[in-house]
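K.L.:
Sequence:
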Amino acid sequence: MPETISDPKLTVRNTLRDLWDNSVVHESLGDRDIHTGWYDDGKGFPQVAVSNRDENVAGGGQTGFSAIAGDGAGGVQSRTGTVLVTAFAGSREDYDITRGQRLQAEQMGNEVSRVLGHNQSPSEYLTLAVGPRTDLVDDDASPTEYAVQFQVRYTWTKEPPRN
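Quick note on the numbering used here: the sequence shown kicks off at 1 and runs consecutively.
Calculated directly from the structure, the hints in this document are not laboratory data.
Everything numeric in this text was worked out from a predicted model, so none of it was measured.
Check before you lean on any hint, since a few could be wrong.
[What the hints assert, rightly or not] Label-pair restraints from in silico Cβ distances:
#1 N52 x T127: 15 to 21 Å
#2 R114 x G61: 37 to 43 Å
#3 P143 x A69: 53 to 59 Å
#4 T36 x R114: 16 to 22 Å
#5 S91 x G60: 17 to 23 Å
#6 G74 x T144: 50 to 56 Å
#7 V137 x R114: 19 to 25 Å
#8 N56 x S123: 27 to 33 Å
#9 D71 x G30: 44 to 50 Å
#10 A73 x H118: 31 to 37 Å
#11 G70 x G42: 49 to 55 Å
#12 G60 x V137: 37 to 43 Å
Cβ atoms here follow ideal geometry from the backbone N, Cα and C, with glycine treated the same way.
All chains, please: the whole structure from these sequences, using the hints.
P.N.:
Take a look at the structure:
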């Protein structure tokens, strides 16, 4: 098991980029449209943003360690965290067909769920799971803008450095 892991936002972004199927969405997305950070005004719609890493030690009581390494090198921690994946579909003006923005949001949400749901153990992660889905509707924008957001959960085991 690893001492550290690559940034989970990059792992999720790369998984989405590698396995995204544009044939199932109204408007295609390129690699630059799937990125880390928040909504990028320079890109416009549609786009997928992976952001807001939050990680904690799971269990382990007051020490935070769930075990001691077999060679006595130190404590082992179970880590769990989340990142947000937001599929920004856009507004009606961004699409050729009526209500295309809702269709795009639904299709992008389904694709995020499919890609991440079928890749539950990428690289050094023990698990990667798609959590709750939230439909985001910005009625303050004119015209109304639509997005879908997921909490993506991950777990991994941190072991002490090996000499």
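K.L.:
If a hint holds in the structure, say so; if it doesn't, say that too.
P.N.:
Each hint, compared with the structure:
1. N52 x T127: 15 to 21 Å: Check passed, 19 Å falls within 15 to 21 Å.
2. R114 x G61: 37 to 43 Å: 38 Å, holds
3. P143 x A69: 53 to 59 Å: About 57 Å separates the Cβ atoms of P143 and A69, which means 53 to 59 Å holds.
4. T36 x R114: 16 to 22 Å: Since the Cβ atoms of T36 and R114 sit about 20 Å apart, the hinted range of 16 to 22 Å holds.
5. S91 x G60: 17 to 23 Å: Check failed, 47 Å falls outside 17 to 23 Å.
6. G74 x T144: 50 to 56 Å: Holds - the Cβ-Cβ distance for G74 and T144, about 53 Å, lies within 50 to 56 Å.
7. V137 x R114: 19 to 25 Å: 23 Å, holds
8. N56 x S123: 27 to 33 Å: For S123 against N56, whose Cβ atoms are near 20 Å apart, the range 27 to 33 Å is violated.
9. D71 x G30: 44 to 50 Å: 47 Å, holds
10. A73 x H118: 31 to 37 Å: 35 Å, holds
11. G70 x G42: 49 to 55 Å: 50 Å, holds
12. G60 x V137: 37 to 43 Å: Holds, since G60 and V137 (Cβ atoms, about 40 Å apart) stay within the stated range.
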